[in-house]
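Add chains B, C and D to chain A, keeping to what the hints say.
Number of protein chains: 4
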Amino acid sequence: MNGSEDKIGPKHSEVIGDFPGHALPGVFFFVIGLWWSTKSILKYVCKKHKQTCYLGSKALFQRLEFLEGIAVVTMTLIGIIGLQFFAGGPHLIIHNESPWKRVLRLQHLTLYFFFGLLGVASILCSTVSSIPVSLIKLMMSNAFFVESFIFYNHTHGREMLDIFVHQLLVLVSFLTGLMAFIEFLTQKNILLELLRSSFVLLQGSWFWQIGFVLFPPGGRTAWDLLDHDNIMLLSVGFCWLYALAFIVIGANYAFITWLVKSRLKKQCPSEVGLLKNVEQEQESEEEM
Amino acid sequence: MNGSEDKIGPKHSEVIGDFPGHALPGVFFFVIGLWWSTKSILKYVCKKHKQTCYLGSKALFQRLEFLEGIAVVTMTLIGIIGLQFFAGGPHLIIHNESPWKRVLRLQHLTLYFFFGLLGVASILCSTVSSIPVSLIKLMMSNAFFVESFIFYNHTHGREMLDIFVHQLLVLVSFLTGLMAFIEFLTQKNILLELLRSSFVLLQGSWFWQIGFVLFPPGGRTAWDLLDHDNIMLLSVGFCWLYALAFIVIGANYAFITWLVKSRLKKQCPSEVGLLKNVEQEQESEEEM
Amino acid sequence: MNGSEDKIGPKHSEVIGDFPGHALPGVFFFVIGLWWSTKSILKYVCKKHKQTCYLGSKALFQRLEFLEGIAVVTMTLIGIIGLQFFAGGPHLIIHNESPWKRVLRLQHLTLYFFFGLLGVASILCSTVSSIPVSLIKLMMSNAFFVESFIFYNHTHGREMLDIFVHQLLVLVSFLTGLMAFIEFLTQKNILLELLRSSFVLLQGSWFWQIGFVLFPPGGRTAWDLLDHDNIMLLSVGFCWLYALAFIVIGANYAFITWLVKSRLKKQCPSEVGLLKNVEQEQESEEEM
Amino acid sequence: MNGSEDKIGPKHSEVIGDFPGHALPGVFFFVIGLWWSTKSILKYVCKKHKQTCYLGSKALFQRLEFLEGIAVVTMTLIGIIGLQFFAGGPHLIIHNESPWKRVLRLQHLTLYFFFGLLGVASILCSTVSSIPVSLIKLMMSNAFFVESFIFYNHTHGREMLDIFVHQLLVLVSFLTGLMAFIEFLTQKNILLELLRSSFVLLQGSWFWQIGFVLFPPGGRTAWDLLDHDNIMLLSVGFCWLYALAFIVIGANYAFITWLVKSRLKKQCPSEVGLLKNVEQEQESEEEM
Numbered sequence: 001m002n003g004s005e006d007k008i009g010p011k012h013s014e015v016i017g018d019f020p021g022h023a024l025p026g027v028f029f030f031v032i033g034l035w036w037s038t039k040s041i042l043k044y045v046c047k048k049h050k051q052t053c054y055l056g057s058k059a060l061f062q063r064l065e066f067l068e069g070i071a072v073v074t075m076t077l078i079g080i081i082g083l084q085f086f087a088g089g090p091h092l093i094i095h096n097e098s099p100w101k102r103v104l105r106l107q108h109l110t111l112y113f114f115f116g117l118l119g120v121a122s123i124l125c126s127t128v129s130s131i132p133v134s135l136i137k138l139m140m141s142n143a144f145f146v147e148s149f150i151f152y153n154h155t156h157g158r159e160m161l162d163i164f165v166h167q168l169l170v171l172v173s174f175l176t177g178l179m180a181f182i183e184f185l186t187q188k189n190i191l192l193e194l195l196r197s198s199f200v201l202l203q204g205s206w207f208w209q210i211g212f213v214l215f216p217p218g219g220r221t222a223w224d225l226l227d228h229d230n231i232m233l234l235s236v237g238f239c240w241l242y243a244l245a246f247i248v249i250g251a252n253y254a255f256i257t258w259l260v261k262s263r264l265k266k267q268c269p270s271e272v273g274l275l276k277n278v279e280q281e282q283e284s285e286e287e288m
Numbered sequence: 001m002n003g004s005e006d007k008i009g010p011k012h013s014e015v016i017g018d019f020p021g022h023a024l025p026g027v028f029f030f031v032i033g034l035w036w037s038t039k040s041i042l043k044y045v046c047k048k049h050k051q052t053c054y055l056g057s058k059a060l061f062q063r064l065e066f067l068e069g070i071a072v073v074t075m076t077l078i079g080i081i082g083l084q085f086f087a088g089g090p091h092l093i094i095h096n097e098s099p100w101k102r103v104l105r106l107q108h109l110t111l112y113f114f115f116g117l118l119g120v121a122s123i124l125c126s127t128v129s130s131i132p133v134s135l136i137k138l139m140m141s142n143a144f145f146v147e148s149f150i151f152y153n154h155t156h157g158r159e160m161l162d163i164f165v166h167q168l169l170v171l172v173s174f175l176t177g178l179m180a181f182i183e184f185l186t187q188k189n190i191l192l193e194l195l196r197s198s199f200v201l202l203q204g205s206w207f208w209q210i211g212f213v214l215f216p217p218g219g220r221t222a223w224d225l226l227d228h229d230n231i232m233l234l235s236v237g238f239c240w241l242y243a244l245a246f247i248v249i250g251a252n253y254a255f256i257t258w259l260v261k262s263r264l265k266k267q268c269p270s271e272v273g274l275l276k277n278v279e280q281e282q283e284s285e286e287e288m
Numbered sequence: 001m002n003g004s005e006d007k008i009g010p011k012h013s014e015v016i017g018d019f020p021g022h023a024l025p026g027v028f029f030f031v032i033g034l035w036w037s038t039k040s041i042l043k044y045v046c047k048k049h050k051q052t053c054y055l056g057s058k059a060l061f062q063r064l065e066f067l068e069g070i071a072v073v074t075m076t077l078i079g080i081i082g083l084q085f086f087a088g089g090p091h092l093i094i095h096n097e098s099p100w101k102r103v104l105r106l107q108h109l110t111l112y113f114f115f116g117l118l119g120v121a122s123i124l125c126s127t128v129s130s131i132p133v134s135l136i137k138l139m140m141s142n143a144f145f146v147e148s149f150i151f152y153n154h155t156h157g158r159e160m161l162d163i164f165v166h167q168l169l170v171l172v173s174f175l176t177g178l179m180a181f182i183e184f185l186t187q188k189n190i191l192l193e194l195l196r197s198s199f200v201l202l203q204g205s206w207f208w209q210i211g212f213v214l215f216p217p218g219g220r221t222a223w224d225l226l227d228h229d230n231i232m233l234l235s236v237g238f239c240w241l242y243a244l245a246f247i248v249i250g251a252n253y254a255f256i257t258w259l260v261k262s263r264l265k266k267q268c269p270s271e272v273g274l275l276k277n278v279e280q281e282q283e284s285e286e287e288m
Numbered sequence: 001m002n003g004s005e006d007k008i009g010p011k012h013s014e015v016i017g018d019f020p021g022h023a024l025p026g027v028f029f030f031v032i033g034l035w036w037s038t039k040s041i042l043k044y045v046c047k048k049h050k051q052t053c054y055l056g057s058k059a060l061f062q063r064l065e066f067l068e069g070i071a072v073v074t075m076t077l078i079g080i081i082g083l084q085f086f087a088g089g090p091h092l093i094i095h096n097e098s099p100w101k102r103v104l105r106l107q108h109l110t111l112y113f114f115f116g117l118l119g120v121a122s123i124l125c126s127t128v129s130s131i132p133v134s135l136i137k138l139m140m141s142n143a144f145f146v147e148s149f150i151f152y153n154h155t156h157g158r159e160m161l162d163i164f165v166h167q168l169l170v171l172v173s174f175l176t177g178l179m180a181f182i183e184f185l186t187q188k189n190i191l192l193e194l195l196r197s198s199f200v201l202l203q204g205s206w207f208w209q210i211g212f213v214l215f216p217p218g219g220r221t222a223w224d225l226l227d228h229d230n231i232m233l234l235s236v237g238f239c240w241l242y243a244l245a246f247i248v249i250g251a252n253y254a255f256i257t258w259l260v261k262s263r264l265k266k267q268c269p270s271e272v273g274l275l276k277n278v279e280q281e282q283e284s285e286e287e288m
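Chains as they are written, first to last, in UniProt numbering: chain A, 1 to 288; chain B, 1 to 288; chain C, 1 to 288; chain D, 1 to 288.
The following block holds chain A by itself, in its conformation from the complex (with noise of 0.2 angstroms):
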């Protein structure tokens, strides 16, 4: 790898970017991954309960969806924006004298753009209704696999650690896009879209990692860019970081179904309890 980056010069071999080009879409795939697994988990919960008490109509989630949708569409347009106007702009004209750093910005742009086509899907599913709603399952598992495709193509010339950390980023957006698949050809099922939920929150704490790596804030020592130890470091830190978005979930999963319960005997306490009483007696029966 060395042999051919002294070829193409030293201008690649610094590390392009800055702290804050990473941690935004962290907290925004962050924010975005504890959406989804709590709405998830809130359609789960409300379609247990149904028979019991009336909450969380089908209506009042499509409401949901078209509102997520205006949010997406919103924050890429931002994005989109922001590109043009910090950064002087990239030429729409593809053309090869194009330096590097155009080709990472307009790289950023199709991938925001992918991201509004989700956003733009989820506004038809919600308003016309000869549209099949699973179009929205489609156009997230596109949007994740061509984020995976561009960062695929995103780290030529860069240093092995670099790539290492993209590669990863790579791997879990992949994931996500074919969770996103497979939920789109089967039918519905909780435990596969907070898997996919999971997957996202990795990939917003993976993007603060990759910061944390790169450009050390705060004159931490920097890491050895060219270390085979750091990437089985590395490849421990993304398990670790896993397991913390596995919690996170489970954390979410227990509150949501805590409130749901205290807000139902609230409404409707005499039929949750006849209803509880039924729930504790098939329990222990079944624990005997």
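The hints are simulated quantities; they were obtained by calculation from the structure and are not laboratory data. Any given hint could turn out to be false.
Remember, identical chains collapse to one label, so a pair may be satisfied in a single copy or spanning two.
Unchecked claim - Capping the alpha-carbon separation at 25 angstroms, the derived lysine-lysine pairs in BS3-like fashion look like this: (1) Lys-188 x Lys-48; (2) Lys-101 x Lys-43; (3) Lys-58 x Lys-48; (4) Lys-39 x Lys-101; (5) Lys-101 x Lys-48; (6) Lys-58 x Lys-265; (7) Lys-47 x Lys-265.
Frame of chain A; chains B, C and D shown alone:
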């Protein structure tokens, strides 16, 4: 790559092919992608409005399938004969002394043959009733998988960028084959069919892109085939052509839906009007 | 590759094996592929005509399965014993001092053993009723996956073309295993079974092709094992053998369908005649 | 590989680990593979004989699941604590100056943690009724996928044969995870569960093989870690251990079936005798 190139000799380092040789399959794939998306949307829309008004019976689509098969077989026959006529013809005996160009021509001949098999399958399925209809999907996935296999073995000893653009061709034809195979395994799914059509559209437009990159027409400056930045730029262009395919199919969907609805209004206005009110009520109910 | 070859020594650079050693498995796979396709077509055709005339009960196919198992086990036993007899026998203790040829013989022994397991599974499933029938498909996919694994580790230190032809063998046996595994997971699908049979036929004819390439019989000029053009030529030949497998299976299908129909006519002419009229009516209706 | 090794230094070229460190996980995986196969077979056999005689209610299996979860969590806790106690303990803060051995220990800690999560999932699913039961399968596939990811990043800078044996470990744990994921997506399938168990058994015995290859106990001659022939020999040994796993599971199946039948005879002889006659009749009918 350059080192091994020198051993093989300068004969291979020149770019083989010309602009029309990439523009023609581009047009073919774009037209057939457009046709397949039109057919899928038409089937979907007609199925939804079947209970209100007669339009698009099963027999009509079977006849369309038959005509499609005839068209595909004709085009591949023209391709095969043209290959023999204009190029002096490939020898049909595998012989290890044949020069490189003859091998390339044999590869194209094989490509045409497998697309011809797809046409034959269309004809057989629409005439012989004992053959399962999913044979068409199987032969379709087959043709695209064979295409990706051949293009994978198409680029030995070429320049970096030349290899990269053909690798993306391998990717898109492999994905098309994969989608067709999933369609073969699962039941009807309009979105899967449209996804496959969008991959075919992407392949068509990518053939044009390859033509412009490798054989810039009209005195435009040639691309540097050894520059890594061009790879990153072309990966962005690939995504944009993919987005373009989505937009084309979305426009097609909107146009056909509008067309069918307006035709239905003219032919049997009373029933449709009745239906529309019911639909509007349902929509307003769901949006509530 | 050449550089590392020099280190290992000239012992490995000579091509190991002979023409009959590749022709025999070729015949075996071709015969079993033909038999499997015949069985699948027969089952399919008999199932369609079940309501008109008695032919091909479940018991008959179970007995065929039993006989197939016996045949496969016998053939693998002959192979294993022949390997011991003609070659002095592999040592059954893993020992790191064994020369290269002994390893190759152990690999063939393992191959035979797993195909023997497939035969045993056929026998067990057709005699013991408590074992699920899909075990046959599982062991079949197993045998082909193990074959692809072994051939993947079969070619260390060989010439480029020698490696390439074995890589294609890995590809086709992996695809056969994959098809058998999909059959194991899904319900009956005649086209999947025929696709698997066509891969087995392809494997059989590809063994012959390997024999002709590596050990040209009768004084024909040998192939240059280091020429890239030969790789491209052989990839074309691979596709043609695949097309040949399709044509063989298509002819087989037409022949069996014709045979079953002509037999049905003789045995119970009145009913079939009645049925045929109904079918013709249906066909003309669908073609309308 | 050797060239890059020299750069990293001689520290990495020595083989890290010892025989017990590979024998212990080997025993663990062998025992758990045996237990999982026993559980699957028991469930399958009990389900078939449910209509004749009471044995193995749902509650019993739920309690077994609970005990299994407790056992797994206990074992992983022992592993984690032992790792801290005997090795001085890994530092829990990601820091780029840590030496290689600390990273390896962190990797093992992560492995144990994810298998602990599997145990926790088993406990949760058998106590809290609102959690879907397929969570166990999901966490199982998760644990094995994470294991394959970690072992993939485990072997930087080692010798060829050392890398190869760990690559096969990656392969088998990836396949185990894949099988568990397919089980998670599809409904109950006894053969899939047994296939997964056989992969776990294979992994257990392969750990022993790794121990014997890298740390030959008792003065046996060490393996040449740079010889290609050894790779081919070990790939054969891998297949034989796989065949061994099949034989173990087959014997287990025969033993449990015999045990359940003989127990049923004692407990409720009349009914079983009646059933057996019916079965024999059916069998003779099917064999006819």
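Can you give the numbers of the hints that this structure goes against, from lowest to highest? 2, 4, 5
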